[in-house]
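Novice: Taken in sequence, the protein lines are chains A and B.
Throughout the first sequence, residue numbering follows our numbering, covering 228 to 442 in sequence.
Throughout the second sequence, residue numbering follows our numbering, covering 24 to 204 in sequence.
Be a bit skeptical, because a hint or two may be false.
Among chain A residues calculated to face chain B with C-beta under 10 Å, some are [claimed, not checked]:
id, residue
1, Ser261
2, Gly273
3, Asp310
4, Thr359
Per the computed footprint, the stretches of chain B lying under chain A, defined by three or more beta-carbons under 8 Å from a beta-carbon of chain A, are [said to hold, decoys possible]:
id, region
5, 58-64
6, 80-87
7, 131-145
8, 150-160
9, 188-200
FYI, nobody ran anything at the bench for these hints, they're computed from the structure.
Just so you know, even glycine gets a beta-carbon here, dropped at the ideal spot from N, CA and C.
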Amino acid sequence: MKNLNVAGIAIILFAFGILFMSADHIDAPAVSGSSADITDFYAFQGENASNLVFVANLNGLLSPEMTTTQTFDENVLVEFNIDNDGDYVEDLVIQAIPRNGKMYVFGPTAPASTGKSSTVIESASQTVVDITKYSESPISATNAGVTAFAGPRDDPFFMDFAQYGAVVGGMASGFNDPGSDTFAGTNVMSIVVEVDKSLLGGNGSLNTWVETKTK
Amino acid sequence: MKNIQLLVFAICTMVFITSCGDDEPMEPTVDFSGTYALADQMGRPAINTVFIPSNMKDTYNETLPADQAAAFQMTIENGLKALSPAYANEGDQNALGLDAAAFAGVLATDVLTVSTNGVTTFYDGTNVLTGRALADDVITVELLLIFGGEDFTENPALSDDHVDANDKPFLSSFPYLAAPF
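Isolated chain A, as found in the complex:
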C-alpha cells in the first residue's frame, strides 16, 4: 500500500511536470522553467508620449503561494536590445541585474560588444530600484530619463494554450468559444523600464528584443 502511494504521487508529479512544461509560454527546452526563462516581452508608448516602455517577464505560471518566495536570480542578466539602424544588431542595450534586493538598471548605452556575451556596462547611467515584495505597492525609481520597476505582477499574457496544444496535437479540430485563459490567476516576475525616446535614437522605428544571459 505504501508503494502504491509512492507510485501515485510520482504519477501526479509527472502529470504536473507535463502541465508546467506544456503551458510555459516559451519555448526552448534548455531554459524552460529556469530562472532565465523569458515568458514575454512588450514594447509600447508610455503614459507620457515622450517615453517608450519595455517589459520583460520571467518565471511564468507562478501561483500566488509560489510568488511569495520567488526572487530574481543574481546570476541572470536581463538585457533589452535596441537596433536603431535596421541591421538587427544591437546598437544600445538596457541591462537589468539584481543585487541584494535591488534591481540595477544600466543604460541605454552602447554594449561593450554585440552578440551572445555581455559584460555589465558599469560606466553607464544607473537607475537603482528596490525590488518590490509580493505584498507591497509597486516601488519605482527614476534617474536620467529612465524609470524602473522590478517585482511580481499578474501575468499580462492571455491565451487558451491548452486548447492550442490540443489543436496542433491533432486532438481537437478547433478552439472553444469561449476559450479558457491558461494563464488566468498566475503571476510572473516582471521588469518594467520606461525610457525617454530621445535616448534610443533611430528614425521613427526600432527593432527590439530581450535576452537573458547567465554567468
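Guided by the hints, dock chain B onto chain A, whose structure is given.
Specialist: Showing chain B alone in chain A's frame:
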C-alpha cells in the same frame, strides 16, 4: 644578492601599503564582474513556441536575430504550409499580402519592431507590428495571419482562441501591469 632581496622587500612593502591604502576609503561596492552568456531570447510572442520544431528550439534560441532569417526561413515556411490549410494552394496569402515564403521571412527574424513616433500596437486594424501593448490580443492576430487567409475569414475554428483580454485590468500608469494574484 642582498640588493635583490632588498628590492623584493621594498616592492612587497609598497604593494602592502598600497593595498592597505585602498581598503580604507572604499564605499561598499557591488560586484557586477564577469561575462554573461546568452540563455534565452525573445522578440515577438510565441514565434519559437509555434513555428520551430522541437528538435530545433534550442538552436533557434541561440541564434542571433541577424542570423535567424538565413537559418530558419525555410523551416518556418514548411511549418506554415504543414500547419495551415490557408497556405495549401500556390499563391495563397495572408491578410498582409504575404505568401508562406514571405511571411516566414518576416517571422524568422524574431525582433519586435516598435514605433517611436506613432501608435504602438501589434495590430489594431490599421497599424501592423508597431509595438506590443499589454492588451493586444497577439495570439488571435497570429492565428489570423496563419489560418485566416487573405481576408481573415478562412478556417474560423482555428483563427481565434476566444480569449480576448487579460483576467485583470491593466494600469494606465507605471508600472502598467496589474498587481499579482
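Novice: Would you mind marking each hint as holding or not holding in the structure?
Specialist: These are the hints, each one checked on the structure:
| no. | hint | in the structure |
| --- | --- | --- |
| 1 | Ser261 | holds (8 Å) |
| 2 | Gly273 | holds (7 Å) |
| 3 | Asp310 | holds (7 Å) |
| 4 | Thr359 | holds (9 Å) |
| 5 | 58-64 | holds (count 7) |
| 6 | 80-87 | holds (count 6) |
| 7 | 131-145 | holds (count 13) |
| 8 | 150-160 | holds (count 6) |
| 9 | 188-200 | holds (count 11) |
Checked against the numbered hints above, the structure breaks none of them.
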